[in-house]
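Start from chain U and add chain A according to the hints.
First to last, the sequence lines map onto chains U and A. In the working numbering, each residue carries its 1-based index in the first sequence increased by 6. In the working numbering, each residue carries its 1-based index in the second sequence increased by 61.
For the record, the hints were derived by calculation from the structure and aren't laboratory data. C-beta: ideal position from N, C-alpha, C; glycine also. A couple of the hints might just be wrong.
[Unchecked claim] Covered stretches of chain A, going by a simulated chain U footprint (3 or more residues, C-beta under 8 angstroms):
{"hint": "1", "segment": "189-199"}
{"hint": "2", "segment": "249-258"}
{"hint": "3", "segment": "372-379"}
Okay, here's what each chain looks like letter by letter:
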Amino acid sequence: MRKRWVSLYVENEIGVLAKISGLFSGKNYNIHSLTVGTTEDATVSRMTIGLISDDDTFEQIKKQLNRCVEVIKVLDFTAVSTHMKEVMFVRIDHISPEGKTELFHIAEVFKVKVKDYSKDSMLLECCLTEGRNDDLIQLLKGLFRSIEVVRGGSVAIESISINDR
Amino acid sequence: MYSANSVGGGSVMKEISGNKLFVKAMKEEGVEVIFGYPGGYAIDIFDELYRQDHTEIIVPRHEQGLIHAADGYARSTGRTGVCLVTSGPGATNLVTGIATANYDSVPLVCFTGQVPLHLMGNDAFQEVDIVGITRNICKYAVTVRKREDLGRIIKEAFYIARTGKPGPVVIDLPKDVMETPGDPEYPAEISIRGYKPSTGVHIGQLKKAVKMLSGAKRPLFLAGGGINISHAGEAFTKLVEMTKVPVVSTIMGRGAIPTDHELFVGDLGMHGCYAANRAVSECDLLFSIGTRFNDRITGKLYEFAPKAQIVHIDIDTASISRNIHVHVPIVADAGEAIDKMFQLVTSCDTDAWRSTIGIWQKEHPLAMQEHGHMTAQTIIEAINRDFDDAVIVTDVGQHQMWTTQYIRLDSKRKLITSGGLGTMGYGFPAAIGAQIGNPDTPVICISGDGGMQMNIQEMATAVAQELPLILCVFNNSSLGMVRQWQKLFYGKRYSCTCLGARKSCAEKCKDMKVKCPPYIPDFVKLAESYEAKGIRVTKEDEIDGAFAEARKNTKCPTVIEFIIDKEDSVLPMVRGGESLSNMILDC
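Extracted from the complex, chain U is given alone in its bound form (with noise of 0.2 angstroms):
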């Protein structure tokens, strides 16, 4: 069992994201995380999923995905040098004067941005690889005791020359 990412070409249609969710969901496989958006060309939409599967269980689900009509293209991203982020907002409240300091540390060397301040409240904004968000969340919830997450899930690209995972 491991982690694997696809990325699908799909018609922008609607009910294609029903598809896809609904043969993941009918044939028992696990979603772990799925982007959609709009591409360069407004009929087709790109899909970024990631999921924890063991080899046969993979391959099966790439077939499977391959056989929808609604599915153009099936890339596997899982052992190829992509380009992939997540956008994540994360809440912090009720941190003290001490804390706040040692927020904007935390910011500086993870890279991400300060996007809102109250008297004890603020706002990342963090547009980092899946693991360093994990990383991140963790970190926060054991210096704090209030943290809010949202995770927008990963989006991935084709490297053109180095791997940035």
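Same frame as chain U, but now just chain A:
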């Protein structure tokens, strides 16, 4: 895009409604028969169909019967079955039939009426999201939302349904879209970027597979339904004769080679014959064509064909290496692959292997236990004897398994059965469709008393269409297959499987000496009430006479009710999840 007065190619294009384009599309697709049931949101299409005469409309009595009839028509003719129903309940009544066709790769195009676009999502009268409901049980489903897409979508539907691994397609037609005037042309060609069914065969892989075949000491062909779907039975038989490799088949593959052929061993799987299951367990090369290795044929997966290298030819990439590990995968249409193999194969030395299989065949031949009653075997053997050409259609249950065990099939005798989904109620309406598609061939439906009652309303359709269908009801007053499991594995606790039971019967009736109430319905009287013929057969020596009588009814169906013993079991049997070598041979 055309408007009423736009000039296309120098001539004025007159716009037509979607309903008119629908009728035009049926003509261009060569649709001879539509299985249709009208309703509020399909009435406009039926009105257009009323004004044409190239497509015949068959009106069954229930939409489930309708789609099974279209399915039987498609399977027996090789053409695409077309269904037309209204929205809401008309559409939902198709669901079981869509799943049935999907499992057995049957090309169907199902048109469903729909409420106007502005009412969709409003919980309007007779509104359901049929595309959402059927998305996971069909090959493709779509709602036509713009009039200009209608022609293309219908064209795509027929293309998708019949190509690659065939399957059902659902097209949802909102009433207002169908009323809108638009382009009168039905497209001549389409291209779907996400759907390119594979063609051709990887010759390198095929050569490797053939080399393994000639090197094997105990090779075995496994014939699946894919061979029958691609009409490659004759080619396959020739291939088998060239190689001298014995054949086992799935129930969907039965008939790919004549069942009385000396190289045909029998069906494998849960109710396969002893020799076939032994052969699979002992072979050193299993050369499979057009099967998905369903759990009903493999039994316990890691004990399936334990000594064999496995070659797997299938048109569906997703079927390969899904259930069992395959050594040589080949994605190809069965017929194409077989044709390519002719140049590659040589005769294999299988004499010793075949004589071993011969010993197994003698050890435990396929035969029902004699007990003085008329058995299913004797009835089916009478069909073999009395009919040279026939389409045999079964329902689901014990009678289906007996049929797949004992029916003789060859190029003139075809079997139609719900193999994948195992849909009770399938047989009778499917036989109606088969008879409509094959008016000059005897069509014999073999059903149980349970399955027969699941779509019995179609008796009216069969009579109305003046079909000379022969309907054999194997009546054991029980849901026999479930009862057999209860007998073998559930301590004879016959929970809910007696169809003769009434409220006044003893709650847990164990005393077989108590006289049972008369069975309902009386199938003979029922047939007569529909103006069909009804015959009851209780003894072996009445069987041939009943069939002779039935053949005289050329303008109406004949129901022959065969009273059989509820204690008869389908044997051999491999318990679900057990290894194929672990067969129950008698009980």
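Now the hints, each set against the structure:
no.	hint	in the structure
1	189-199	holds (count 4)
2	249-258	holds (count 4)
3	372-379	holds (count 3)
The earlier numbered hints are all upheld by this structure, with none contradicted.
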